[in-house]
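Here's the letter readout for the chains.
Number of protein chains: 2
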Amino acid sequence: MLTNPVLEAMKKRKSIRSYTSEQPSDEVLNAIAAAGQQAPFAAQLGSLLLKRDVKKNPFKAPWLFTVCIDLHRMETIMKARGWSRKMSDLGALILGVQDAAYVAENMVIAAESLGLGSCYLGATPMYAKTIIDDYGLPPKVFPLVQLTMGYPAEAAAVRPRYPMGFTLFEDRYPQFTTEEIARAMRVMDDGYLAQDYYRSHNAMIPLADGSEETFTYGDYSWTEHISRKLGQWGEDPSGLMNALRACGFFLDEPGTGEAA
Amino acid sequence: MLTNPVLEAMKKRKSIRSYTSEQPSDEVLNAIAAAGQQAPFAAQLGSLLLKRDVKKNPFKAPWLFTVCIDLHRMETIMKARGWSRKMSDLGALILGVQDAAYVAENMVIAAESLGLGSCYLGATPMYAKTIIDDYGLPPKVFPLVQLTMGYPAEAAAVRPRYPMGFTLFEDRYPQFTTEEIARAMRVMDDGYLAQDYYRSHNAMIPLADGSEETFTYGDYSWTEHISRKLGQWGEDPSGLMNALRACGFFLDEPGTGEAA
Chain H
1 MLTNPVLEAM KKRKSIRSYT SEQPSDEVLN AIAAAGQQAP FAAQLGSLLL
51 KRDVKKNPFK APWLFTVCID LHRMETIMKA RGWSRKMSDL GALILGVQDA
101 AYVAENMVIA AESLGLGSCY LGATPMYAKT IIDDYGLPPK VFPLVQLTMG
151 YPAEAAAVRP RYPMGFTLFE DRYPQFTTEE IARAMRVMDD GYLAQDYYRS
201 HNAMIPLADG SEETFTYGDY SWTEHISRKL GQWGEDPSGL MNALRACGFF
251 LDEPGTGEAA
Chain E
1 MLTNPVLEAM KKRKSIRSYT SEQPSDEVLN AIAAAGQQAP FAAQLGSLLL
51 KRDVKKNPFK APWLFTVCID LHRMETIMKA RGWSRKMSDL GALILGVQDA
101 AYVAENMVIA AESLGLGSCY LGATPMYAKT IIDDYGLPPK VFPLVQLTMG
151 YPAEAAAVRP RYPMGFTLFE DRYPQFTTEE IARAMRVMDD GYLAQDYYRS
201 HNAMIPLADG SEETFTYGDY SWTEHISRKL GQWGEDPSGL MNALRACGFF
251 LDEPGTGEAA
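Quick note, the sequences are listed as chains H and E, same order. No gaps in the numbering here: position 187 of the first sequence is 187 in the numbering used here, and each next residue is one more. No gaps in the numbering here: position 44 of the second sequence is 44 in the numbering used here, and each next residue is one more.
These are computed hints drawn from the structure, not numbers from a lab. A quick note: this is a predicted structure, and the numbers were derived from the prediction, not measured. Do not take every clue at face value.
Which copy is meant is left open, so a pair is good if it fits within one copy or across any two.
[As the list claims (entries may be wrong)] No more than 20 Å apart at the CA atoms, straight line, and that leaves these computed lysine to any residue pairs for SDA-like:
{"no.": "1", "residue 1": "K56", "residue 2": "F169"}
{"no.": "2", "residue 1": "K12", "residue 2": "Q195"}
{"no.": "3", "residue 1": "K229", "residue 2": "G82"}
{"no.": "4", "residue 1": "K11", "residue 2": "L114"}
{"no.": "5", "residue 1": "K12", "residue 2": "L114"}
{"no.": "6", "residue 1": "K12", "residue 2": "A42"}
Given these sequences and hints, build the entire structure.
Below, the structure written as structure tokens:
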């Protein structure tokens with residue numbers, strides 16, 4: 001397999017949930033933020049909030065970034081040019097999620113290359129109202145995902161991934177065979193079990209319907225865990241829809257940009 | 001400013017729209033796809049379609065990737081475990097866009113590190129129906145963004161970005177001053193003008209309301225261009241909503257996963 005420092009950084013990255021108290025330098029901050037900013041964009045719709053308050057950080061990391069989809073800044077510029085936004089919130093959201101995610105991922109890999117660790121916090125949109133208050137967000141800024149960052153205080157293992165043939169499909173999307181599915185599940189489950197991941201994180205998700213638990217940490221692994229997440233959580237889209245609305249994003253309406 | 005090969009690759013990357021006819025090796029393909037697959041995930045919801053057909057590639061690049069949000073594969077695994085998805089399509093979409101975007105961005109930077117260039121094609125969702133047919137996509141797979149890739153046949157310049165103070169906000173989202181807005185606009189506009197970008201790409205967007213053009217390629221630049229995009233395009237969200245529905249994503253409904 002080919003290798004170089006970039007591929008190495010990507011291969012080595014894993015989520016870090018324990019950090020040293022060392023405050024990384026402003027030079028490191030600038031390098032990581034600049035790497036994020038240099039990500040490809042449709043319309044530079046990503047912006048970054050930073051909080052350096054270990055006490056308010058979920059993993060006591062020195063940095064907490066909140067990566068936002070920022071239509072407010074875009075509309076400010078459009079206004080200065082005599083334009084108002086017509087593009088729908090849904091259209092701008094789909095572009096904006098990508099702009100913001102590319103910024104975030106560049107930062108994660110840049111951090112890895114500088115010896116820092118990071119962890120994405122996927123539940124961020126559910127805390128939109130708190131984040132609006134904390135940072136004084138204007139309308140049309142949606143907090144997509146948070147990122148803890150700092151120097152790692154744990155030696156986490158790289159987590160397994162599906163086999164390549166279960167991810168990269170040439171010319172046609174395949175009809176998965178029973179054996180291919182079983183093999184992909186085995187790779188994931190055996191991989192996490194070998195690392196004793198769920199036991200060491202005490203991360204088994206309880207059965208919500210009250211039925212008896214049939215798994216132990218000896219056999220509870222990734223495919224069961226992810227099935228319990230997607231099979232039990234977030235059934236009602238109104239929580240997320242309300243979070244979007246609280247940030248001024250109305251997905252089923254035409255563009256709602258401020259008048260110029 | 002700190003530097004290393006990872007930061008350098010991110011700093012040097014720019015969209016490439018002209019490619020040599022050289023077919024990159026399968027070793028290079030595997031390295032780039034593996035780098036993408038190694039991206040952080042919420043639920044491994046990103047999957048990759050590949051077409052190696054220069055004639056069907058918008059920039060005659062040797063590779064066209066279509067990066068998808070793949071709930072079908074996830075549900076296949078859940079079914080094998082006796083689960084069906086409850087999480088709403090909106091919730092899964094917000095997680096899935098991130099999973100898919102992190103894969104894509106890792107691939108872009110990995111490609112850069114191996115001497116390849118790439119370009120995101122942001123209009124991909126509007127071609128959902130064609131892509132479903134071309135690749136035989138099952139329901140619950142949404143083509144988010146395409147990526148052309150190959151060895152560059154042009155020496156494109158790195159495009160400008162907002163000043164850092166217009167992107168990274170510590171503790172509070174700022175109230176932009178008129179001068180800050182003007183400066184950010186100047187950085188972007190002067191930067192693209194210095195590269196003669198819009199003239200050399202013949203990329204001026206016409207005024208849709210039929211009013212007289214007041215710009216020339218001597219002063220038409222990024223802030224006017226992006227204003228015309230967001231100020232004229234995509235007002236009706238139903239095109240995108242229909243593309244999502246064609247792929248089996250219903251944003252305003254509770255989870256619609258197949259029954260186990």
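Hint by hint, where does the structure go against what was stated? Just the numbers, ascending.
Of the numbered hints, all hold.
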